[in-house]
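**Q** Residues per chain, in single letters:
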Amino acid sequence: MLNGLEYLGQAYLSFLNPTSLLYGLGGALMGILVGCMPGLSATLCIALLTTLTIKLPTNDAILILICSYVGTLYGGSRSAILLNIPGTAANAASCADGHALALRGEAGRAIGIATSGAFCGTLFGVLCLAAFTPTLAEVALSFGAFEFFWLALFGVTMSGSLVGNDPLKGWLMGCLGLFVAQIGQEGLYAYDRFTFGIHELSGGIALIPALVGAFGFAEVLTVLADPVERKLVELKDSVLPRFREVAQYWRTVLRSGAIGVLTGLLPGVGEDSGAWMSYAAAKATTKEREKFGKGSIDGLMAAETGDMSSIPGHIIPALALGIPGSAPSAVLLAAMILHGVQPGPMLMVEHPQFVYHVVAMTTLATISILIFGLFLVRPLLLVLRIRRTVLMPIIFLLATVGAYATQSRLFDVYCMLAIGIGAFFLRRKGYPMAPFVLGLVLGGLLDKSLRRGLVLSDGSILPFFTRPICAVLATVTIFTMLLYIPAFNRLVKAVVGNVGRAVRSVVPSRG
Amino acid sequence: MSTPPPISDIGQPPPPHGHDAPQSPRADFIAAVLWIVFGAAVAVASWRMDRLENQDINPYTVPGLLPGLLGVAVVFFGVLMLVRAWRAGGLANEGPAGGARGMSAGELKRFGLIVGLCLLFGVVLIGHGLPFWAAAAIYVTATIATLQYPQRKADGQRLRGLALALVIGLCAGILITLVFQEIFLVRLP
Numbered sequence: 001m002l003n004g005l006e007y008l009g010q011a012y013l014s015f016l017n018p019t020s021l022l023y024g025l026g027g028a029l030m031g032i033l034v035g036c037m038p039g040l041s042a043t044l045c046i047a048l049l050t051t052l053t054i055k056l057p058t059n060d061a062i063l064i065l066i067c068s069y070v071g072t073l074y075g076g077s078r079s080a081i082l083l084n085i086p087g088t089a090a091n092a093a094s095c096a097d098g099h100a101l102a103l104r105g106e107a108g109r110a111i112g113i114a115t116s117g118a119f120c121g122t123l124f125g126v127l128c129l130a131a132f133t134p135t136l137a138e139v140a141l142s143f144g145a146f147e148f149f150w151l152a153l154f155g156v157t158m159s160g161s162l163v164g165n166d167p168l169k170g171w172l173m174g175c176l177g178l179f180v181a182q183i184g185q186e187g188l189y190a191y192d193r194f195t196f197g198i199h200e201l202s203g204g205i206a207l208i209p210a211l212v213g214a215f216g217f218a219e220v221l222t223v224l225a226d227p228v229e230r231k232l233v234e235l236k237d238s239v240l241p242r243f244r245e246v247a248q249y250w251r252t253v254l255r256s257g258a259i260g261v262l263t264g265l266l267p268g269v270g271e272d273s274g275a276w277m278s279y280a281a282a283k284a285t286t287k288e289r290e291k292f293g294k295g296s297i298d299g300l301m302a303a304e305t306g307d308m309s310s311i312p313g314h315i316i317p318a319l320a321l322g323i324p325g326s327a328p329s330a331v332l333l334a335a336m337i338l339h340g341v342q343p344g345p346m347l348m349v350e351h352p353q354f355v356y357h358v359v360a361m362t363t364l365a366t367i368s369i370l371i372f373g374l375f376l377v378r379p380l381l382l383v384l385r386i387r388r389t390v391l392m393p394i395i396f397l398l399a400t401v402g403a404y405a406t407q408s409r410l411f412d413v414y415c416m417l418a419i420g421i422g423a424f425f426l427r428r429k430g431y432p433m434a435p436f437v438l439g440l441v442l443g444g445l446l447d448k449s450l451r452r453g454l455v456l457s458d459g460s461i462l463p464f465f466t467r468p469i470c471a472v473l474a475t476v477t478i479f480t481m482l483l484y485i486p487a488f489n490r491l492v493k494a495v496v497g498n499v500g501r502a503v504r505s506v507v508p509s510r511g
Numbered sequence: 001m002s003t004p005p006p007i008s009d010i011g012q013p014p015p016p017h018g019h020d021a022p023q024s025p026r027a028d029f030i031a032a033v034l035w036i037v038f039g040a041a042v043a044v045a046s047w048r049m050d051r052l053e054n055q056d057i058n059p060y061t062v063p064g065l066l067p068g069l070l071g072v073a074v075v076f077f078g079v080l081m082l083v084r085a086w087r088a089g090g091l092a093n094e095g096p097a098g099g100a101r102g103m104s105a106g107e108l109k110r111f112g113l114i115v116g117l118c119l120l121f122g123v124v125l126i127g128h129g130l131p132f133w134a135a136a137a138i139y140v141t142a143t144i145a146t147l148q149y150p151q152r153k154a155d156g157q158r159l160r161g162l163a164l165a166l167v168i169g170l171c172a173g174i175l176i177t178l179v180f181q182e183i184f185l186v187r188l189p
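Protein chains in written order, with my numbering: chain A, 1 to 511; chain B, 1 to 189.
Keep in mind that the hints were calculated from the coordinates and are not lab data.
Glycine included, every Cβ here is placed at the ideal spot set by N, Cα and C.
Warning: the hint list may mix true and false statements.
[Said to hold, decoys possible] Quick look at which bits of chain A chain B covers, simulated, 3 or more residues with Cβ under 8 Å:
hint	region
1	7-13
2	62-76
3	404-414
4	459-466
[Said to hold, decoys possible] Ranges of calculated distance between the beta carbons of each label pair, as one might list FRET restraints:
hint	chain 1	residue 1	chain 2	residue 2	range
5	B	33	A	418	56 to 64 Å
6	B	178	A	287	50 to 58 Å
7	B	124	A	190	32 to 40 Å
8	B	178	A	254	46 to 54 Å
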């Protein structure tokens, strides 16, 4: 406990120098600019900045990436409010109330509420990050191959179930990602799988080019293929953060913060789930339900607090278990590995101070977005006026550089192009990309854990189901998938309904 | 320039885009068949994969184990999707089938043009001796000039549009080269 506080103090002090502050502010600014532009995601921003910062010292590079992660999600609310197009998927819940406020001439107020919600949400998440990561990492030290097998499978299944509208398509994309991760030399015997004699494939499909293709090039194609330009709502009123409204809606802020962190802890569930669940919870408990969707302050505050607090929530499992909570945190995890830090249970043993550095970095990111929210809202909105036909070709250039830079191989550029074109068509057919990314990241872990587990159990699959943590993860994973079967879903709903009625009949009502 | 959304749209979620867009049962039916073929191919290739018996490895660690299971899972999910699409009328000769969802001929032409330009840059222009800044300038100029051509033509600003595209292309190429190569020491193709 005292060691933790000492590490935390040292971490904060280590970032109190002009260079780190400049990197932090620069990363957040870059993130906000990318987030403002509809379609450009946090995943793309972090992937591109990973290549740009590859030669920097570890802490500086990760600081820039975390600040850009927070900045992108914060910036995404601008286009949601002013254009009714979410800057990132996580800001979709802000569209309804944010844009309705903007159309009423209160765009500045909406941005101010988004800023205060984002600041409070991220700060709440940072506290949870500092409190829970070391504890979770300590618990994870007892995990073996069996537990990691289920954790990886659980992450891909949950992502497939909750991202997008069709779990079946999500699971198929998860399987595709897991399969693509099997291409190349496998980890135990260096045997080439599915390389078809192409020696460049022996190293596998690299994560950064695949992500840049799936999230960058595919988005460039999507945006440029759509000829319609959206009209920007003008800003007329003050954009200063509304902390009076935070005090007024403190219950919403706390509830949404907790929901955001909890959804963040679930492997593979994106930031948008945190926003939508917080929004739904606020709608269920508010006294002004009729205002929801028509410019509700409560609704906008809930959505923004929920999505921002899920960022530190997603970083917790990435650091403690090596299992990313979302697609952007998957890239962050890959960047940490590139810089020689291996996230996972051993992190608290090998680099105990690193977790506290990440806490300090996220705090700096939170302060950065507040600074930009206070002083630079109007100049930053100029980026929304750049025409897509000018912006997107430049984004494609950056995507190409991003794909090439990590290993200096043209093959990675070709992979990025192929994956991008494939992702464009898959997205138009309703297939979500996040399960694919999770599959790609967790494929290696799943493969090693399955085979090591089978060796340890001498071929028996019983330990995969009988060890306590495995039993819980297996039950949740299988239950989630079974819910997709209509008959099972009806049965569960009937059982839950009957139990609810029975409880209500036993417990006397207060009214 | 589009008009603002009608007042009845206020408070509604943004229009369907990407994975939110509804899909036709026929498109799902065809996709399901493709998934089944893909999954079966992966399962067969995994089954036929070398089991490294000559290295006397533990039989539970054969390289094709997980890929094989994934192939079976894809076939299983593909069959589920096939049944669902079939029950929703996927065999009826209605609705869009292959290709991108609901793309008109004009959109397909625009899409083909964009992909062609991107492939020109990624496959032909870079990595074959041309400096990155020059390749980038050519690509950006060509893309902006091509995509803005109908609008510029209607406004009678063809030459101005081309000049502007050239300036943006050169600036982008030189700036990206400077920032990545000279400041952050990242190698460019």
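**Q** Hint by hint, say whether it matches the structure.
**A** Outcome of the hint check:
1. Coverage of the region 7-13 of chain A by chain B is violated [criterion: at least 3 residues with CB-CB distance below 8 Å; count 0].
2. Counting residues of the region 62-76 of chain A whose beta carbon lies closer than 8 Å to any beta carbon of chain B gives 0, which falls below the threshold of three, so the coverage claim is violated.
3. Three residues within the 8 Å Cβ limit are the bar, and the region 404-414 of chain A against chain B gives 6, so the coverage statement holds.
4. A count of 1 residues in the region 459-466 of chain A with a Cβ less than 8 Å from any Cβ of chain B is obtained; the coverage claim is therefore unmet, three being the minimum.
5. Distance hint for residue 33(B) and residue 418(A): a CB-CB separation of about 22 Å, inconsistent with the stated range 56 to 64 Å.
6. In this structure the hint that residue 178(B) and residue 287(A) lie 50 to 58 Å apart at CB holds, the actual value being about 56 Å.
7. Residue 124(B) and residue 190(A) have their C-beta atoms about 35 Å apart, which keeps the hinted 32 to 40 Å range intact.
8. Separation of residue 178(B) from residue 254(A) is about 47 Å and conforms to the stated range, judged on CB atoms against 46 to 54 Å.
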